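K.L.:
Here the protein sequences come in this chain order: A, B and C. Under full-length UniProt numbering, the letters of the first sequence match residues 1 to 639, in that order. Under full-length UniProt numbering, the letters of the second sequence match residues 1 to 639, in that order. Under full-length UniProt numbering, the letters of the third sequence match residues 1 to 639, in that order.
Some hints could be false.
Which copy is meant is left open, because identical chains are indistinguishable; a pair holds if it fits in one copy or across any two.
Claimed, not checked - Lysine to any residue pairs mimicking SDA-like chemistry, simulated, CA-CA at most 25 Å apart: (1) LYS467 - PRO600; (2) LYS69 - GLN113; (3) LYS133 - ARG58; (4) LYS255 - ALA20; (5) LYS568 - GLY54.
What the hints contain is simulated information worked out from the structure, not anything from laboratory work. Predicted model only: the values in this text are computed from it and were never measured.
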Amino acid sequence: MKRTLGVCYYPEHWPEDIWADDAARMVQAGLSWVRIGEFAWQRLEPQSGVMDFGWLDRAIDVLGNAGLKIILGTPTATPPRWMLDKHPDMLAIDEQGRPRGFGSRRHYCFSHQGFRAESKRITRLLAQRYGSKEHIQAWQTDNEYACHDTTRSYSYAATEGFQHWLAQKYQSPAALNRAWGNVFWSMDYDDFVDIGLPNLTVTEPNHPHVLDFYRYSSDMVVQFNREQVVEIRAHSAAPIIHNYMGRETSFDHFKVGADLDIASWDSYPIGFLSDRIEGSPEHKRRFLRQGDPDNQAFHHDLYRAVGRAGGAQSDAGGRWWVMEQQPGPVNWAPYNPAPLPGMARLWAWEAFAHGAETVCYFRWRQAPFAQEQMHAGLLRTDSADAPALAEALQVSQEINALPEVGTARADVALVFDYESAWAWEAQPQGADFDQFRLAFSAYRACRRAGLNVDIVPPDCGDLSAYKFTLAPGIMHLSAPLRAALAATTALIGPRTDTKTEHLSIPTPLGPNVPSLNASVVLTESLPPDVGVPLENGGKFVHWREVLEGEAPVQLRTNDGHAAIIGDKLRYLAGWPDDATWDMILRDLCADVGLTHHALPDGLRLRDTETHRFVFNYAPEPIHWNGTEIPAAGVHWQTL
Amino acid sequence: MKRTLGVCYYPEHWPEDIWADDAARMVQAGLSWVRIGEFAWQRLEPQSGVMDFGWLDRAIDVLGNAGLKIILGTPTATPPRWMLDKHPDMLAIDEQGRPRGFGSRRHYCFSHQGFRAESKRITRLLAQRYGSKEHIQAWQTDNEYACHDTTRSYSYAATEGFQHWLAQKYQSPAALNRAWGNVFWSMDYDDFVDIGLPNLTVTEPNHPHVLDFYRYSSDMVVQFNREQVVEIRAHSAAPIIHNYMGRETSFDHFKVGADLDIASWDSYPIGFLSDRIEGSPEHKRRFLRQGDPDNQAFHHDLYRAVGRAGGAQSDAGGRWWVMEQQPGPVNWAPYNPAPLPGMARLWAWEAFAHGAETVCYFRWRQAPFAQEQMHAGLLRTDSADAPALAEALQVSQEINALPEVGTARADVALVFDYESAWAWEAQPQGADFDQFRLAFSAYRACRRAGLNVDIVPPDCGDLSAYKFTLAPGIMHLSAPLRAALAATTALIGPRTDTKTEHLSIPTPLGPNVPSLNASVVLTESLPPDVGVPLENGGKFVHWREVLEGEAPVQLRTNDGHAAIIGDKLRYLAGWPDDATWDMILRDLCADVGLTHHALPDGLRLRDTETHRFVFNYAPEPIHWNGTEIPAAGVHWQTL
Amino acid sequence: MKRTLGVCYYPEHWPEDIWADDAARMVQAGLSWVRIGEFAWQRLEPQSGVMDFGWLDRAIDVLGNAGLKIILGTPTATPPRWMLDKHPDMLAIDEQGRPRGFGSRRHYCFSHQGFRAESKRITRLLAQRYGSKEHIQAWQTDNEYACHDTTRSYSYAATEGFQHWLAQKYQSPAALNRAWGNVFWSMDYDDFVDIGLPNLTVTEPNHPHVLDFYRYSSDMVVQFNREQVVEIRAHSAAPIIHNYMGRETSFDHFKVGADLDIASWDSYPIGFLSDRIEGSPEHKRRFLRQGDPDNQAFHHDLYRAVGRAGGAQSDAGGRWWVMEQQPGPVNWAPYNPAPLPGMARLWAWEAFAHGAETVCYFRWRQAPFAQEQMHAGLLRTDSADAPALAEALQVSQEINALPEVGTARADVALVFDYESAWAWEAQPQGADFDQFRLAFSAYRACRRAGLNVDIVPPDCGDLSAYKFTLAPGIMHLSAPLRAALAATTALIGPRTDTKTEHLSIPTPLGPNVPSLNASVVLTESLPPDVGVPLENGGKFVHWREVLEGEAPVQLRTNDGHAAIIGDKLRYLAGWPDDATWDMILRDLCADVGLTHHALPDGLRLRDTETHRFVFNYAPEPIHWNGTEIPAAGVHWQTL
Ligand SMILES: [Zn+2]
Ligand SMILES: [Zn+2]
Ligand SMILES: [Zn+2]
């Protein structure tokens, strides 16, 4: 399959008489796909039950007849105002107990059955009408689940739903009380209807109570999405996609992904570096106009894995796209600088190098009105070309010079687990402990070493294709993963397999992998300005564990405790600083015979089956293997 | 008119038998004015409808007979507790949805018609009783509108009022939907009664929705004030004043001022430097006991303009006063140091140099009880002289040696626009973008250059009297201002005339001033530690714009874009750092033949029609033109 | 009485068949006491009125028969879920108006009469059943009053209770209006039922309103505790104890203590240094694994004074214990490092050196479940020995080598007053003014000087046994303390006796101690980066006062004001930095003939009647008087 480009478009925002010209310019720019419809509920159903599909029929025809393939979005992220009259309690309630009102988007509670029925209904109507329409080549469900902190609602509907979910899971209050350890502070329940949500308690609520609520909330997203999928599949053979966000761990993307055909995500490198990625002030200044050099790649690899969960595979493994690609300054980060010239091209090529089938820029024409009027597009508000348009055209031309989509199996596997993210959110123990941050610190080290990484889900049962595996921060190992780890070269820990699935401490103490004689007997978290020095000159930061066991010690702390213990399967007893991560990967690479590159700051590699791609995220040219790669430059060579 | 001093006094706080002595000491200290009554509602009306004017009659007689002129305040900032039984919903609701309760002051919602009727009633009763009383030489409406974040209320009364206001403005929901761009996220309304207030939305509300709510809230202040003015004017010929606050942009002071005779403000230089003015730690330490060297002057010039809006003019232009002048440590800032000896004199003289008719110290005797018991007065709680009393006496003696109130027309005009402040508050685009801060950075540069500035309102239609005009951050130019700018030397921008009046982006792109061929085609905001270098060695901070157009380029960024473009009318494509502001003003002064002083840090000039005043805000003596001016010193010379 | 060790134990958390083994291991470890029951309400009363004492009977027998003395806790900190069905409004309401829900602990409002009846009932049932049981050697009421900010509730029950309390105190609204100065902003009340709680006001509420609410809230804790005491005393002769927290000033511990036999507190040195003690980053890093070197001692001395308020005296003065001693990492601080080896021993010995009768470690076995599963115990979750167990055993063996409990009267008295803490919380005047912090800065200086300190309550009437007394920050001197100070060597101030008991400013200005001719005429607070230089080279920080009066000046500020004034009784006109505190204490010691040690950073002394104890809190060995004391080392020598 050839790589393709696309764009997000809102025909309802523009006079109908410019649609045809817009479509022609899209084709001229080398775009193949256009996504429409995902915020148009009010235009499709101006009053409850009164449908107006005419404009959408015409938009689909204009765009499709111009040669564009259409992704049709369900508009459920923007319920119209009239729906609140029917369902006044459909709004989510925030953790402080306040309704989250109408006037922006995502103003619904995933647990509200009335809104769920509306969501199914509008999806069904769209699927019935457009399911067999040839121009509709893909579907998108809703938009950016979880965005704006919308996974968890503290509403009555959520309370009721949670109680039923708990009743199904535990079958009796006594079983729940045991599992949660409710005896601790007389927190036992006699009846599921007595169980509230874990917000606004006097001091912290019981961690398994929180974890189960997070699990429930994730399940509601899965159910909501599945309900739309069922409606669409009844009428359409086109693949179904959802556009995930960056650093969003509040629901299990693998589970949502299992119901979909293609994973996609919305990649805003500059906004994300500013508002959700850790980095020193120097790092943030250096990459201000490029984005973090590893954050896009991490999510590409993560959502490729999520795409694989859907079962449908392209040549590249899981099928995945970038559904929204930042083209210029956005409006929503604390500060919104413009990208370095070339980045709109680099970002697209990096996605393709990681196996993306399609990259859609967001959006075609910058809107002159409403919340995102300062969000750039490929066109300016006055319809002139914006800077990214030429870059998109360049990419579309370059695509032809390169082979089809293809991603080589990576040498390194990194396990990523959403449940663990919830567990440590419920029970951080140290104020800055965060599962994404821990996994990303390992990933960044792999990238600095020039390694290709596959992210694998926590129920992964076969790691034999990888040279080695990293599994940091996995609360509780699943049976298949436990078995797979026991049979391979891997580094697990810190904080891996030290809890039961109920977020309590197991006896015997974890980790409990047969091939590793070691257990965690003491844990400490550390403030940011204190570390635990290691014999190799590095240190543990944030977190360290004290181990006992017979396994051979690979590295010690200066105070004489094991820092890495084990043989093929090793346990890492703390959170390494960057230098220590580099040392660890250098050792692992040496052990398994992998080349460890020590890449210049900002230069990154990615291999496909046929090519090595080199990306320069730095703001200055970098010489690499005899080639000078300019700032924001992309270089490729055959393998 | 001779300059005068006054003081704020609360007869109801003190035993009646000391009033006469207090009055005598006031006269002895050279004070002419005494403000009374503005928090005394409960003493005037102890129960609903039961009036007690006796004490106020006697207080007016005692003070008036001692030779003092009285400013009588309406007591509407402090409704008594009994009023809540009549109007339980008169409380404002904060942005988080919580009622703002009884127990301090300003506990009312400007939209509440029941409270509005009470406000008119008590004002009418006072005006009827005292309107023709000779001792009453001025009136004050309410106290410090907006203080404690009280302009905007998220109450039911405000919701209803806003809906009617919108219906008047837009006439049809369809027109409103178009103006706001509600199509964007299916935010359209069928009926005005469906429109809520823009708080507690899931993500940011639509900016024009917010802007209209801010406009509405400002209008309620205007209406509230006007209702009192109507009542007073029916019975009194004395001028009517309101005492505004510092750095308060939540309502349009020009519109309130248009209904009044005299503008006044409450000047707390030390508290304001601490809690509402940007400055480096060094700056804040240096001026800890003096206040920011430019903040008082800015507000003097601003409220002189607001006074002019009232139509009544003194020789000095708009009539304006300082109604409350800090005399010593206050109680309400995070930290409350004592002023440097001499500052209570300097502040008064600076106000006079900017055209103030009257400066009233706040307050006569420090209260030993309640919220402001740590707020200094001219007397201590034990009735001994506090340090500022002698300084007040010195000023009153010095007044005689100098001519009457008089302010020369300034050479420089600075446009200040409240709507723009609301627009950028609704849509900052960069976290630290603030209209006051931008305008004040320009003003500070004028002051460092020793320039005299007039602040002008955004509907100003004649700039011909000024050598040049600055208009930074004006969202949308009014027709008169647009015409006036086209005919003068001026520097507009950044972010000037780049929006429609509905806060959307115009086509063609702004600015759209006939005499300037340039438009803003791209915008970026920048974190505090990043700047855009300019060819002159300075840089843009916070904000920069990319321009297109045929106008001549005056200055470029290092990356080759226009930084200043145009001819007589120029556009500034970013927020200059201080050094760049200084360079810009040096150039403008050279172009128009004005002297650009480069004043020492803390020394400031102000010319009246007859005199040049020199103020030393620095904590050490400064030599200037052969004179040594001590710390906190005031120097004047004839022009 | 011989010093003893104990431990906190939760038989209801463990299978009954391991109780006997646990008890045997406790005895083996040298523990004499075991505290049980304080969170077990649900196990004791699984449904309303359905009691199950069987398991507790058996636990008491098993533990008691093993030779352990039992402290039985009332379980009122953890009301079961069923109680909310009976009393839905028993929950406290937070300052923001939100109910503080079920799901952790301390979810009750002290003012709720329904819950108060439940508290009395369960206490009565326990006292009836176990009051004469020989194994029950002590009682604990509730658990950690005030913890998690639970003293103050903004509920309807609290509002009503507060109104009645005010009616009792003031007898008429007019008297209250006068006392509070409600005339200030028309805040007068006609009727006590009109008075609300001082939260959610528009700007700050009236300070005496706040102060009275804080007094009321403290009184509710006193009443609640007293009700339990009455029930227990009716059936038991065993001493009654409460376990207070660290740096908790929201209720008057002296008043609660007056109803109890023994004071105790829960000492978490590492957690408290992290989350509630001021210190430079260097200080916090240096003592990361040891805790602040003075914070434990301060609370030991404070709660010894609180124990003395109970009347019952051991040889050491007031009877007091450490009820919970940190044994390893905890779970609740922002970061939770492990103690340095030896600290679990050092902390116990320091408590004994300050006169503790008993030190109980918290807890026996780390719970593998629920909120505190990451909180270490003497045993690990898998029942293996945790590091602190050996240290506890060492202490129990060392106890035998030393004499009985005994504390010499200290040379220095420090007055500590809870009302003043509330007063300055209500009226800080400078953002970082805090009574605990001020008193603790004086205490730390005493400790650096190697002095032994007694903390005395604000109604103390005899200081004759002390060489000198410090009384910083005492809002209003009680009559007995005023008389006692006038007759002794003492340093009072800053901010001492400058207010009336209604938190207003007295005339004549304070302080008003007969032996001191000086008064505070001006006050200023200072930001953290500004100080007022003193002639001795030090400076005042945070706060300084300007004095008038005839008393001799001992020290001046560089700007010529008195910094210390007086003779035997002196007034300190600011908050000294550490160097100035050291100089002040050196002078006072010289005046009264006390040795002023200048101890190395981290080394601390404490004398009993017979021994001098030396504690090394530093992370490195310290040489002292010819002895090398290792890190975390304890050294003692006979006096
Ligand atoms: Zn988006
Ligand atoms: Zn004021
Ligand atoms: Zn505790």
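K.L.:
Indicate, hint by hint, whether the structure satisfies it.
P.N.:
Do the hints match the structure? See the list:
Within a single copy, LYS467 and PRO600 get their C-alpha atoms as close as 24 Å, which meets the 25 Å cut-off; across copies the closest is 55 Å, which misses it. In this assembly of identical chains, the alpha carbons of LYS69 and GLN113 never lie at most 25 Å apart, being 34 Å within a copy and 57 Å across copies at closest. In the homo-oligomer, the alpha carbons of LYS133 and ARG58 lie at most 25 Å apart inside one protomer (12 Å), although the nearest pairing across protomers, at 76 Å, exceeds that limit. Taking the shortest alpha-carbon separations for LYS255 and ALA20, neither the intra-copy value of 39 Å nor the inter-copy value of 48 Å comes in at or below 25 Å.
Taking the shortest alpha-carbon separations for LYS568 and GLY54, neither the intra-copy value of 64 Å nor the inter-copy value of 53 Å comes in at or below 25 Å.
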